[in-house]
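Please model the complete structure; the sequences and the hints are all you need to start from.
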Amino acid sequence: KAGADIAAKELGAELLFDGPVDTNAAKQNEIVENWITLGVDVIAVAAENKESLSTALRKAQRQGIKVIAFDSDAAPDARSFFVNQATPEGIANTLADEAARLTGGEGEIAIITATLTASNQREWLKRIEPRLAEKYPRMKVVAVRPSDDLKDRAQSEATALMSAYPDLKLIMAICTPGVPGAAEAVKQAGKAGKVKVMGLGLPNENRRYVKEGVTDCVILWNTGDLGYLTAYTAVKLVTGELKPGATSFKAGSLGEKRVVGDNVLLGEPFIFTRDNSDRFNF
Amino acid sequence: MRRRELAVAGVLAVLLLVLALRAPSFFQGQPLRSLLTREAPVLVMACGMTVVILTRQIDISVGSQFSVCSVAAGLLAAHGWPIGAVIPFAVFLGFFLGAVNGALVAGLGLPSIVVTLATMVTLRQGLNLVQQGEFVNLPDRVQWFGLEQTPGQWSVLAIALAVLAGSAFALHSFAAGRHFYAVGSDAEAARLAGIRPRRVTFAAFAGMGALCGLAAVMNIVQSPQVQPLAGAGLELKAIAAVVVGGVAISGGRGSVWGGAIGLLLLACIPSALTHLRIEAYWEKAIQGGIILLACATEIARPRAKKSPPAKAAAA
Amino acid sequence: MSVPPLLAFENITKSFGAVRALQGVSFDLRPGEVHALLGENGAGKSTLIKVATGAHVPDGGAIVVGQRRHAALTPSTARAAGIACIYQQPALFPDLTVAENLGLRLEPAGALRRVDWRGRRVRALELLRGVGAEFSAEAEVRDLSMPEQQLVEIAAAIGSGARIVIMDEPTSSLTRREQERLFGIVRKLRDDGAGIVYISHRLEEIAELADRVTVLRDGRSVGTFAADAVDPPALIHLMVGRELSQLYPAAQPASDGIGVEVCGAGCAEVGVADVSFAVRRGEIFGLAGLVGAGRTELARVLFGLNPADAGEIRLEGRAVKIGSPMAALRHGIAYVPEDRRRHGAVLELPVSHNITLAAHRRIFPRGWLDAAEERRIAEEFIARLAIRTAGPDAAAGTLSGGNQQKVAVARWLAVRPRVLILDEPTQGVDIGAKAELHRLIRELAVTGLAVILISSDLPEIIGMSDRIGVMRGGRLAGILPGGASASAVMTATLGSAERKGAA
Amino acid sequence: MKRPTTGAAPGWRRIVFRYETLLVVLLVIEWLVFYRFGTSTNRRGIVVGFGTMERQFDILRHSCEIGLLALALTPVILTAGIDLSVASVLGFCAVVFGRLWHDAGLPVWCAAGATLLAGAAAGGVNALFIARFRLPPLIVTLGTYSLFRGLAEALTRGAVTYTDFPVGFLFLGQERWLGLPTQAWVFLVVALFIWTLVHRRMTGRVFRVIGFSPEGARYAGLAVGRTTALAYVMAGAIAALAALIYTARLGQAKADAAVGYELFAITAVVLGGTSIFGGRGTVPGTLLGIAVIAVLKNGLAALPAVIRLNAAEESAGLLTGMLLLVALALGAAPKLLSARRPRTPLPENLPIPKSP
Ligand SMILES: Nc1ncnc2c1ncn2[C@@H]1O[C@H](COP(=O)(O)OP(=O)(O)OP(=O)(O)O)[C@@H](O)[C@H]1O
Ligand SMILES: Nc1ncnc2c1ncn2[C@@H]1O[C@H](COP(=O)(O)OP(=O)(O)OP(=O)(O)O)[C@@H](O)[C@H]1O
Ligand SMILES: [Mg+2]
Ligand SMILES: [Mg+2]
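Protein chains in written order, with the numbering used here: chain A, 1 to 282; chain B, 1 to 315; chain C, 1 to 503; chain D, 1 to 356.
Treat the hints with caution; some may be incorrect.
To be verified - Which residues of chain D face chain A? A few of them, derived with a C-beta cut under 7 Å, are:
hint: 1; residue: 46
hint: 2; residue: 48
hint: 3; residue: 49
hint: 4; residue: 52
hint: 5; residue: 54
hint: 6; residue: 55
hint: 7; residue: 58
hint: 8; residue: 62
hint: 9; residue: 153
hint: 10; residue: 158
hint: 11; residue: 159
hint: 12; residue: 250
hint: 13; residue: 251
hint: 14; residue: 255
hint: 15; residue: 256
hint: 16; residue: 301
Everything labelled a hint here was simulated from the structure, so no lab data went into it. All values derive from a computational prediction rather than experimental measurement. Each residue gets a CB set at the ideal place from its N, CA and C atoms; glycine is no exception.
Here you go:
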């Protein structure tokens, strides 16, 4: 959001933004439909659910509104570009590989998700498990537990996981509040180092645990850059500087960005560890 | 103890027995203590909720009150207030929020479920507007009141038990405690007996708020960060614990012990499922089933001798 | 007299919306007297005494109590001033035990006081024994029957040690024995110098107890008289404004058809066993008994509220199974319950809805609401039973106690039943309306209804019944012919064991 | 809150001083404000924002499911009950529908019919515990609230999302018929049905009596159990209908369908003047309650100031909360005023005048 604001200012565009704290498909749908009747030029969405949102997006396209997706994709025919911070495969593979690196490629791991039904969580899970099975057959996912996006709940779950699975080597949290929650649980159980913690998260929420050595690594992408790039893509699309079939375009301070097919690539996800923990602030 | 409390205790005992046989790892010192510590703030809120429901009211804004108190206390602590000052502040803030509910319900005579529905939404969305879901990072000395972890956990537990025992004692042994029962049973009869139902109702809500504030502090000292969403769903948990524990939603019947047992049962379920290695997507169904089971034990009870009274003439 | 009154009202007025319940009533109560308050249903008696207990805030006038003038009292100032009251409709806490109910009424206010549970229980037991109650102090009030609740109210008033005791129809559901005991208590209070305000519709009680009488009519005081200066006919004239010639309508010969027959019926759940009797069409069958004798329980069995688990019930010769009130209604059995506050009238509903509640076949012909018909039926019964109400749309809860009872009766008359069970139908009903109800009951019987009449009012049972069944301990102890003497009925209700004790 | 229609003496006062009138006024004010400040002409010269017809239809479509749930809840609340499980039943039915159509391969309309039955059965579970075993509705539906959402998750293991429904079915949620969004017609039919039931049939009377005094209803020989059961079964079936519309509108069926909708539905019902203690309330009131909330939510998202704050969601929540309080306070005001009036300052403890 902050990044998008900067880009909008640079480009002199007006930016509307709506991101409810708790998202679901129906709500997103309503927001998009409201925007359509407001007659905006471009709609950029991070689709909570592909199919349901795509109906509304196609409607927008029919009315001459350009649509791009970012963060998580919509149906390909419902948007012109997808600003891809990292593909689900990319994230899932990075998570799985990091987990393997931390555990030495064997042992029990447990996963904490936001809710069992959140679609991005499903996407990642769906790819983590095969990746592990294929490349690291001696690792085993023993449990997947939801945390309702609550840090406290994640902490309770992690505590229970550690006592239920005494041989647990690693807890992977794939929702933002999950990582500090699991870390706190490990810390309170006095198992820092014995049970590793890793996952997807934001630097500020995890810096403390990373520095203490409880959390081993956090995978993230630069949300500021993502917003910036999204806003840039949106504006360039309207001005016609970015057309289907392009292979790259210039995105302000980010420089030249690659376009593969209809994906605008931000780059690889970052791995946030003790060594680079002061480099990010968001 | 009344039948329902025994029934819920029975269901809990069965659950623990199953755990003892199938997953003895559930009964380990540190994780169990950690589980109880995590539920301690909810227990404090359940005590308050018991009183509110005994008075024939309900408060569904407690989750939002909890969140607001947590964030406010967290921000103060982050600005360097000592924990000794943060605690009374949070309690007072909670008291104030509860008093607003109380004034609307008792003063204007509005139905509590609607009033607290409104304050719940208002507080929650207000907090979202201000905080946008961002965590508050706390300084180190806040955690465990500045104690070590183990004594810290014990002191959180001790506070919760003190609140439980204290409210049980007050409800049973002080005239003021009995007034909650009287007003919940029949407000008009209470008025005629010289009790002031409005004051009692107000006190129930204000007390509930103060306990929310206390619970918020008990929660934020457990970790170095405050999540503004922390209170989401707590109202449901507290209410479920209390009603499962046999406090009659029509007022006047029940005890805090029932609420405590109900909470223990509900709190054990997720952890128990993990230990029993049941996959997570069964969790809600099982939780719902257990609630139904706990209240279905009532069916077995021989029919009341006489028909229950009609609700005392509703407001 | 120079003794200052304990309690005096000066020109009290009180309105409820458009209803002017009290219009400048003055009244005084002296120490050492029983002051009866009389009036038709809705005359304003309960309203007046609720002003004294702080339950109502009057619109105008003053209350003088204990050397002080007040514009209004609150429940706690009233209590502090030594005023205790037995309300017409028990103001008890259904979820709490009897002991606690008494405790909340009697113990000093102070919220921070410790509760002495043991002392409470001892005190409660003592008080209950004093009024002759036989239930436990640990019983929850919701499990008590109406007369038992009334005993709790009485115990609370007595226990308060108040100098001013107000009793609003305390005997309405008590039987002779409890009544006698209450009179003993009232006399003792009087002799100790307390003042008692006594409200009742039973004139023989007034004659027995009262020193002075104040009559209210339409919210105004008609006058205060020495009790021995006015005889019952004069009182009736003062209250009603006209003469009432005859109290009970003459009995009519019943037809030979059996209306309802009960053969060895019982229900273990409510402790009714082995009851057999038959009521012919056109007959009024009275049921007498002490509090707790099981008459209400029998009625509940017949109406399907506690379905019979033994024996048989026959309607016009056919055996029927009555498993629920719905089934009873289908078979044409109607039941006017004794506890009108809980069961009789739905207080929040308008009077018209209350009256037509059981007669939905009539107001929903083919399932659709016929509002005009509903109104017609309501107005018919309001007129026939002289129900005093602001209109058919007024909520039943705003009616006076006696008028609520009339609404409850009207509901079942509107159904046009074949068997009518009346449980204390005239409880709390004023003398004029009572005569009207009696006439109506007899008229209904003549049209071929079988009527079962339960009443604790001995003269009423004797005056109305063609035959009298006497119940004791959930069983039918015997059947007496109509017109049996009061002492014969009393003897039968008490049974041989107690008769010896009493003699 | 005023007593519901008693079918008597109309008189203009009765009509003007009804609680519903207050809601109508509120609604009109809302609408005018949003129309004035939420409509504009954009750079391309097209009228955009709240004032467009499209936007009005969106309001209809977006509030349809919550509206159905609110309608379903009205009889339940009239009986002094509550059904917290409606949104969970909706989720459960959405999944059942998806499974029947997608996995079991039933024709879509058969699957829809079976889903309605499933919804009624789910309501039947509530009815069994509440009407038959006489357990408190709040606890029972708290249990089924978890149970049905849980079953939905268990059936799909949380993961499966059913999509690619046939166009004919999506017509129900995304297209128009005779000028109005298709689901609006369904909604109208249900509203009319509930209105008849509550205001014109015996059943409605029985709902109210049960709400005021279940014992009183039993003593009047009314079908207490059966009517209570009806309210819950109907709520289940209507929730199933809402599930179909939800699925058709979004083109997907998933276990998290309509999470949290029960709260909105209850809010709409109580804002509409139905007493949570039972007995009092009207169907038009509920409809107005829904409308007030729906217009507010959508309208705020069209106001430039709110849009710039990026806070449509939050401010809509805030305002709904406030509105609820204001409406309640206004509804209670006449009663309060009349109760206060006689309480002129109490000249207590005046000295006694010499008695004559
Ligand atoms: N709360 C109330 N709201 C409106 N009207 C009321 C209320 N209480 C009493 N009234 C009206 O005031 C009048 C006097 O009622 P009150 O109860 O004092 O009569 P009563 O003399 O006690 O009659 P009864 O012998 O039937 O008990 C009646 O017309 C009644 O309808
Ligand atoms: N459902 C019940 N089960 C068991 N005992 C009951 C039940 N209902 C009442 N009782 C007891 O049975 C006795 C009968 O109560 P009740 O006073 O109603 O009898 P009754 O003969 O109808 O009296 P009344 O003279 O008032 O009509 C009471 O002692 C009561 O406690
Ligand atoms: Mg009276
Ligand atoms: Mg009786």
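Against the structure, the hints:
Interface hint at residue 46 (chain D): satisfied, since its Cβ lies 6 Å from the closest Cβ of chain A, which is below the 7 Å cut-off. Interface hint status for residue 48 (chain D): upheld, as the beta-carbon distance to the closest one in chain A is roughly 4 Å, under 7 Å. A distance limit of 7 Å between C-beta atoms decides the matter here; for residue 49 (chain D) the minimum to chain A is near 6 Å, and the interface restraint holds. The restraint placing residue 52 (chain D) at the interface with chain A holds, with a minimum CB-CB distance near 5 Å, inside the 7 Å limit.
Look at residue 54 (chain D): its Cβ gets to within about 5 Å of chain A, closer than 7 Å, so that hint holds up. With its C-beta approaching chain A no nearer than about 4 Å, residue 55 (chain D) sits inside the 7 Å limit, and its interface hint holds. Because the closest C-beta pair between residue 58 (chain D) and chain A is about 5 Å apart, less than 7 Å, the hint holds. Here the hint on residue 62 (chain D) is kept, as its CB sits about 5 Å from the closest CB of chain A, short of 7 Å.
Taking 7 Å as the C-beta cut-off, the interface hint given for residue 153 (chain D) holds, the closest approach to chain A being about 6 Å. Contact between residue 158 (chain D) and chain A, as hinted, is supported at the beta carbon level, the nearest pair being about 3 Å apart and thus within 7 Å. Interface restraint check: residue 159 (chain D) against chain A, minimum CB-CB distance 5 Å, threshold 7 Å, status holds. Below 7 Å, beta-carbon pairs count as interface contacts, and residue 250 (chain D) has one with chain A at about 4 Å; its hint therefore holds.
Annotation: interface hint on residue 251 (chain D) holds; nearest CB of chain A at approximately 5 Å, less than 7 Å. For the restraint placing residue 255 (chain D) at the interface with chain A, the shortest Cβ-Cβ distance is roughly 5 Å, inside the 7 Å limit, so the hint holds. A distance limit of 7 Å between C-beta atoms decides the matter here; for residue 256 (chain D) the minimum to chain A is near 4 Å, and the interface restraint holds. For residue 301 (chain D), the shortest C-beta to C-beta distance to chain A is roughly 5 Å, which falls under 7 Å, so the interface hint holds.
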